[in-house]
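Using the hints, put the two standalone chains together into the complex.
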Amino acid sequence: MSKNVTEEDRQYWTANKKLITILLFIWAFVSYGCGILFVEPLNNIQFFGVPFGFWMAQQGSIYVFIILIMVYAKRMDTIDHRFHKDEEGAGE
Amino acid sequence: MTTEYWTYLFIFLTFGTYIYIGWRARVKESAGFYIAGQGIPAIANGAATAADWMSAASFISMAGLISFMGYDGAVYLMGWTGGYVLLALLFAPYLRKFGQYTVPDFVGTRYYSDVARIVAVICAIFVSITYVAGQMRGVGIVFSRFLNVDVGTGVVIGMVIVAFFAVIGGMKGITWTQVAQYGVLIVAFMIPAVTIALKLTGNPIPQIAFTTSGIVESLNQIQVDLGFTEYTQPFQGKEMIDIFCITVALMVGTAGLPHVIVRFYTVPNVRAARYSAVWAIIFIALLYTTAPALAAFARYNLITSIHGSSISTTAEQVAEGENEVYTLSKTTENGEELNFDWTQGWQKTGLLTFEDKNGDGIIHLAKDESINEVYIDRDIIVLSTPEVAGLAPWVIALVAAGGLAAALSTAAGLLLVISSSLAHDIYFRMVNPKADEAKRVAVGRIMVLAAVLVAGYFGINPPGFVGQVVAFAFGLAASSFFPIILLGIFSTRVNREGAIAGMLVGLLFTAGYIVGEKYFGMPRWCFDISSEGIGAIGMLLNFAVILCVSAVTPPPPQEVKDVVESLRLPDHPGRAIVLDEGHE
Numbered sequence: 132m133s134k135n136v137t138e139e140d141r142q143y144w145t146a147n148k149k150l151i152t153i154l155l156f157i158w159a160f161v162s163y164g165c166g167i168l169f170v171e172p173l174n175n176i177q178f179f180g181v182p183f184g185f186w187m188a189q190q191g192s193i194y195v196f197i198i199l200i201m202v203y204a205k206r207m208d209t210i211d212h213r214f215h216k217d218e219e220g221a222g223e
Numbered sequence: 388m389t390t391e392y393w394t395y396l397f398i399f400l401t402f403g404t405y406i407y408i409g410w411r412a413r414v415k416e417s418a419g420f421y422i423a424g425q426g427i428p429a430i431a432n433g434a435a436t437a438a439d440w441m442s443a444a445s446f447i448s449m450a451g452l453i454s455f456m457g458y459d460g461a462v463y464l465m466g467w468t469g470g471y472v473l474l475a476l477l478f479a480p481y482l483r484k485f486g487q488y489t490v491p492d493f494v495g496t497r498y499y500s501d502v503a504r505i506v507a508v509i510c511a512i513f514v515s516i517t518y519v520a521g522q523m524r525g526v527g528i529v530f531s532r533f534l535n536v537d538v539g540t541g542v543v544i545g546m547v548i549v550a551f552f553a554v555i556g557g558m559k560g561i562t563w564t565q566v567a568q569y570g571v572l573i574v575a576f577m578i579p580a581v582t583i584a585l586k587l588t589g590n591p592i593p594q595i596a597f598t599t600s601g602i603v604e605s606l607n608q609i610q611v612d613l614g615f616t617e618y619t620q621p622f623q624g625k626e627m628i629d630i631f632c633i634t635v636a637l638m639v640g641t642a643g644l645p646h647v648i649v650r651f652y653t654v655p656n657v658r659a660a661r662y663s664a665v666w667a668i669i670f671i672a673l674l675y676t677t678a679p680a681l682a683a684f685a686r687y688n689l690i691t692s693i694h695g696s697s698i699s700t701t702a703e704q705v706a707e708g709e710n711e712v713y714t715l716s717k718t719t720e721n722g723e724e725l726n727f728d729w730t731q732g733w734q735k736t737g738l739l740t741f742e743d744k745n746g747d748g749i750i751h752l753a754k755d756e757s758i759n760e761v762y763i764d765r766d767i768i769v770l771s772t773p774e775v776a777g778l779a780p781w782v783i784a785l786v787a788a789g790g791l792a793a794a795l796s797t798a799a800g801l802l803l804v805i806s807s808s809l810a811h812d813i814y815f816r817m818v819n820p821k822a823d824e825a826k827r828v829a830v831g832r833i834m835v836l837a838a839v840l841v842a843g844y845f846g847i848n849p850p851g852f853v854g855q856v857v858a859f860a861f862g863l864a865a866s867s868f869f870p871i872i873l874l875g876i877f878s879t880r881v882n883r884e885g886a887i888a889g890m891l892v893g894l895l896f897t898a899g900y901i902v903g904e905k906y907f908g909m910p911r912w913c914f915d916i917s918s919e920g921i922g923a924i925g926m927l928l929n930f931a932v933i934l935c936v937s938a939v940t941p942p943p944p945q946e947v948k949d950v951v952e953s954l955r956l957p958d959h960p961g962r963a964i965v966l967d968e969g970h971e
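Protein chains in written order, with the working numbering: chain P, 132 to 223; chain L, 388 to 971.
Simulated from the structure, these hints should not be mistaken for lab results. Nothing here was measured: the structure is a model prediction, and the numbers come from that model. Glycine residues also receive a C-beta, built at the ideal position from the N, C-alpha and C atoms. A few of these clues could be false.
[What the hints assert, rightly or not] Distance ranges between label pairs, derived from CB positions:
(1) 725(L) <-> 209(P): 55 to 65 Å
(2) 400(L) <-> 141(P): 47 to 57 Å
(3) 777(L) <-> 176(P): 32 to 42 Å
Here chain L stands alone, though its shape is the one from the complex (with noise of 0.2 Å):
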């Protein structure tokens, strides 16, 4: 069978579980649709967090990154691990002591205000929505290029599986899918990795191929004859000021992701909810050791493979307005014959090029961009790793559905966070406090629907700040929900009028900084620190104002203090703190 068909299959077994548990799990009331009836075991909540949490970004993007990026790579991989450390001991016992729906929910009872409310629904919505969109492209990509379907045509496919699965079984449908997920991309992801180690370094697992085999070495040494600095070396793309910035926005951004926190509403206790945050970085950490070995054994592969290869002189027959195909061999050097077949696909797709600029007809790979003879997107590399190793296509097809399940299920559950917001946070506890049990699910489903209608929109017309808005979603949640909901439960002192004033300083200053920096070429006067880190600062900002208004201004009420104190005791199992009625 061709990978074409062994794609078919995979999509489509897969897909069909994902329908079936959907359909098993559909539910009829409001604390099953945005919270599953907080009913989740730990170790199923763990896996569902961890496909929540491990994006397309993750998945397709993210060892492609750090492929190119070398030592600085690791700000994603800290970045995003760490961030998870304060959520484990931060936040996540906490937020499941208070037992709401949302995050909004907890800024506004916390804070006693619809104002800071609606300021964190906006947050949510615009942090999810950016999100939403990069997982469209993940879509995009894998359709293209594994089945030859048009980009729109598949993120309309994605679109309409998501779509059934979260509005037939709201939160609860989504936590099951997104255990089968964890599932298919784990598997998917492991498997190309696995054998790539165990081909180029004799060890099956990644992660100590990558630290005893020496091949980092030869990497270093191979960088540094192309005229590349060394892999390891520290500092290359960006300062330390900067890469510690960026970390310190991804870890706090990530903390703050509303779609994160509310997976640990889901589970029956607080105890529950630490052992979740436990099964969960064991199923994050399994993906995130394993893709900087990935990162370096595709590089490593890469170069071998395409730098001393013969180009043919003409480009493949094209029709108009396609991209130039261009055919590859290399003779080893026991005179083995090598074609480059895989190269083809990915030329087509343009995300792959060859420009032989000496006319040689030999492929040079190198630092300097007036001799360098190949283009390869970041977006590729764990893509095409199992082709360039020439592994079996349905390996290939394998990894076509691993990712297509971390686009998914992320998109599934910022669907909710998006949907939630607005039927629960604005609807219910806003227009229509009065509205029952069926009506709540009802507008629910409803917001669901648009909320994949819009996702679509994006995914069809993907916008061309993609990269750039990513920035933004983590700068803002980072400026804005992570110093208010850490203070809000460590504090029982902050008001309102500071966590107003601290939300706002906060998004403002680091709205403009990444506004000005990337569309009005404003220097980086905050000591040169680039968009992707100033999230750091504006939430630096946002605890200052936030305690320094808070001390002048009145201590918030009675009730609140006691919300905040019996938060922080987790002996009432269940539900401690009935703020409203109208579930179960």
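Pulled out of the complex, with its shape left as it was, chain P reads as follows (with noise of 0.2 Å):
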């Protein structure tokens, strides 16, 4: 490790792979699990009169993925935030 890199350095990028983690785990169980994997048992429950495995994967796994990003972001700022590593003028 380069001496530059502090323990605080090292808890925010710790800090930062497990978000990722987390949400890479739940764009995976959406788009490859309900999609793909599990489309044939998901499609005999019925959603709004469309199968649902059906709906996943042309509708439901896009509107996941917003979710996940927007998320991301938000975290990001809060572990930005905890970890002192704010940036100024960005953002929305």
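Now the structure itself:
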């Protein structure tokens, strides 16, 4: 490890990686899980008259993707703040 | 006014706007030329990314593909948006922190090797040229159908426009033009979708109409009646493992696309890169959740219109070499006479053809090719929807302008990647590192012009293999860029030897499999995976090779490890790692 990297930096990176892992787990679950691997059993469930597996593959997974990216940006703001990595003048 | 005049008007207005913006945003420095001076606000960059990302394929072809593929079309929806999650979480913030001009810049610096840089340049150029060729086909279709202009002339007009704002404005011009183009394309996509949703289901919001109106059920029923399987039935055209691999290849392939990655270099800082990803996915999802709804509506509408309609016994007198045009009509149950005049324009282009095989004067649509009497090219679904639904001429013209906006915005982003790969990565980094600011921008401009000419050539002489090389482009991006960028950020241990070996193995395996399967009739020996999905396996091989080779060769030098460590921390606003002087 480089001498310039402090203990706080390491914790920041660990927190970041943990967040990414959780979000990517959900990402894989909705797309590969609900949208492909389990689509046939899920199609037996009707979602407003559309088979649920089909709906997840063509609609639901995309909505979840939006939420994941949004949660990432918001949570990273909190993590930045906690580890004093705030940046000036960015964002919305 | 006729559709043609409306189309001329819209194209004139939108093209005029793009040129005006390009002129206003003209630049003098290379930082402005390649990365817009890193001064683009997050929301604007989000819109520009969305326009950059959504090509003629997304606008013109995707809904049509889904319409024909049913459930299986989800590979494009999930593949192209899911890759965006990878990009936003794994690449965008760190590459922005890295703060250089191009993707080969990152590869060359992180792996301290000009060989790695050159391999990256070759991949970037190949992927981009493949894409530009696809955009040109889109431009050609729109011009030939809506303006009766020769395809070649249409392509030349499109190229002149792109060349103008890209050469004058560089990345800055392209970015602001793309923001305008996003506006045009999303309005053009949504208006017909909303109108047709309202017409078919009484609900104006396509996503809600798709889910709750029962139209999917009706469509399933019609399909079964005509001998097709249900629209929602999974794995009809492809096996589950193939669907899985294609989705992986599209996801990681998109995340590795250089023209999209470079968009994140243009924002002020790391936090802005994250928020710009949020805006971009919202802008993208608007179109991507509408497309499957439109696909189902269009299919329903098309089948119920054409199936069972009467066809004229003789084709209209046509000049030699032109396509035959029949007249179609139908009498509804309440005695109303319907004319399908919209089919005639499309019949002329050859993208829609009828053949009354059993000579009974009635059109039959069926799965069985021996009795099916209709051929519909997938690319016309979106463009013809407003006509099929009988919408006003200005809506039809707007769709034409939207298709052009989608094609031109993506083409511009790609041309800049080609230009920066040659002018920055090759000329400045390797041939003449002492080049001053003015000279670097000048070389950049010349390279954009050269790239425009190459793209124009492919537009006028479209390679017959466009559909096949698209699989190539994604496969190569997935199997070459994705693993080395990912590990380059998340591991300090992977080194030059591993990266070069990994890229080469991933590339050669994927390219070999695709070429073998497409051109030499090689059996799909790898789990029966098609060419579109093989990039997923190439990517895994790349990962395996880079990790193994790195483990048995010396670790990277301390300076490189320091660079990687600093990528992970957003603490210094602005450009954190200054590796070269000469800008600002």
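*Starting from the range 32 to 42 Å, see whether the pair residue 777(L) and residue 176(P) falls in it by beta-carbon distance.*
37 Å, holds
*Indicate whether the distance between the beta carbons of residue 725(L) and residue 209(P) respects the range 55 to 65 Å.*
59 Å, holds
*Distance restraint evaluation - residue 400(L), residue 141(P), Cβ atoms, bounds 47 to 57 Å*: The hinted range 47 to 57 Å holds for residue 400(L) and residue 141(P), with Cβ atoms some 55 Å apart.
Violated hints are absent here; each numbered hint is respected by the structure.
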